[in-house]
Amino acid sequence: MQMHWKNRSATLLCAAGFILGCSRSSPPPIVPPIAPVPGVREGVLWSTGHETGDILDWYENRGGGAFITGDARVSVTDEAAHSGRYALKLEVRGIDQDVCGSRVFRWGEHLTEGYFSAWYMFPVAPLVGEWLNIFQFKKKAAQDSNVVIGPIKSAVQDSNAVADSTRSVPQDSIRRETIDPTWYNEVKTRPQGIILTLSHWNKIWNLPGNVRDAPLIRSGRWFHVEWYYKDGVEDGVIRVWIDGELIWSLENVDTRGVDPYIQWAPCLYGVRVNPSHLVLYVDDAVISTRRLGP
Numbered sequence: 001m002q003m004h005w006k007n008r009s010a011t012l013l014c015a016a017g018f019i020l021g022c023s024r025s026s027p028p029p030i031v032p033p034i035a036p037v038p039g040v041r042e043g044v045l046w047s048t049g050h051e052t053g054d055i056l057d058w059y060e061n062r063g064g065g066a067f068i069t070g071d072a073r074v075s076v077t078d079e080a081a082h083s084g085r086y087a088l089k090l091e092v093r094g095i096d097q098d099v100c101g102s103r104v105f106r107w108g109e110h111l112t113e114g115y116f117s118a119w120y121m122f123p124v125a126p127l128v129g130e131w132l133n134i135f136q137f138k139k140k141a142a143q144d145s146n147v148v149i150g151p152i153k154s155a156v157q158d159s160n161a162v163a164d165s166t167r168s169v170p171q172d173s174i175r176r177e178t179i180d181p182t183w184y185n186e187v188k189t190r191p192q193g194i195i196l197t198l199s200h201w202n203k204i205w206n207l208p209g210n211v212r213d214a215p216l217i218r219s220g221r222w223f224h225v226e227w228y229y230k231d232g233v234e235d236g237v238i239r240v241w242i243d244g245e246l247i248w249s250l251e252n253v254d255t256r257g258v259d260p261y262i263q264w265a266p267c268l269y270g271v272r273v274n275p276s277h278l279v280l281y282v283d284d285a286v287i288s289t290r291r292l293g294p
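For what it's worth, the UniProt record's numbering labels the leading residue of the sequence shown as 1, then goes sequentially.
Hints may contain errors.
[To be verified] Derived CB-CB ranges, DEER-like:
(1) G193 with G63: 31 to 41 Å
(2) E234 with A80: 37 to 47 Å
(3) E42 with P191: 41 to 51 Å
(4) H277 with N252: 38 to 48 Å
(5) V211 with E60: 25 to 35 Å
(6) V44 with N252: 20 to 30 Å
(7) H277 with R62: 26 to 36 Å
Calculated directly from the structure, the hints in this document are not laboratory data. Note that the coordinates shown come from a computational prediction; the quantities given were computed from them, not determined experimentally. For every residue, glycine included, the Cβ atom is placed at its ideal position computed from N, Cα and C.
Using the sequences plus the hints, can you model the full thing?
Dropping the structure here:
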């Protein structure tokens, strides 16, 4: 019996020593990493989900805003949204006969290259007779021009944050410069449906073939468009993704006007398009220094 208890005591002492030894040499407790701030993504310079219920994000730091041509309107609505409750509503009337345009610009980031993206949805598919663009870049085309930028009026920051086609920009705030589009996405009607094409303002380019065929755009369905746009005269770069798929990739192209700074606008802008009253919803717009994808 004595031997039995001695063995048992030795076993207990060894066990106690093992436990004490572990407690002295055990690593510090694992501390979970600090979670990123919700909604903030790396590389994002500016973004809006329109969840403030107005369009004031586009005016942030006086670096953008809404511009309209003809019978057009820019507002924020809860009729549809890609995320959250609200989306931007671009709306034109009479586009079957006249040039009409609703546009929201950002230029305040002063970028010479970057990624620009937004989600889009047509509640009714347009039938394009002449032209319609929904994603455009613009550049200053001439210095000290006496030509105002067409029949454009600015949005009125009223309580509903609506672009009012009945009120003009004060004369002293109109930029007397010629601002022309450079590259943009046009909506085209094809026998199989509507698609996006890549175009350049007032120039004919021998564009290389698409990396992939542009997918069909379906009414009532959100689709994502993202561009990488790098300024250059002979070394400009353009890449365009639709729903995360690379569709166009161009290098060594002219992407510049007079100055190198990029002006970007989601828009609903065209002529000879049906229906006459046309609506496009836009949401979750982002400007970033890295590709984010849909």
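Hints, one by one, checked against the model:
1. For the hinted restraint 31 to 41 Å between G193 and G63, the CB-CB distance of approximately 36 Å keeps it satisfied.
2. Judged by the Cβ atoms, the range 37 to 47 Å given for E234 and A80 holds: they are separated by roughly 42 Å.
3. E42 and P191 have their C-beta atoms about 43 Å apart, which keeps the hinted 41 to 51 Å range intact.
4. Taking 38 to 48 Å as the suggested C-beta distance range, the pair H277 and N252 conforms, at roughly 42 Å.
5. V211 and E60 have their C-beta atoms about 34 Å apart, which keeps the hinted 25 to 35 Å range intact.
6. For V44 paired with N252, a C-beta distance near 29 Å keeps the hint of 20 to 30 Å intact.
7. Checked against the hint of 26 to 36 Å, the pair H277 and R62 passes, with Cβ atoms roughly 32 Å apart.
Going down the numbered hints, you'll see the structure goes against none, and every one checks out.
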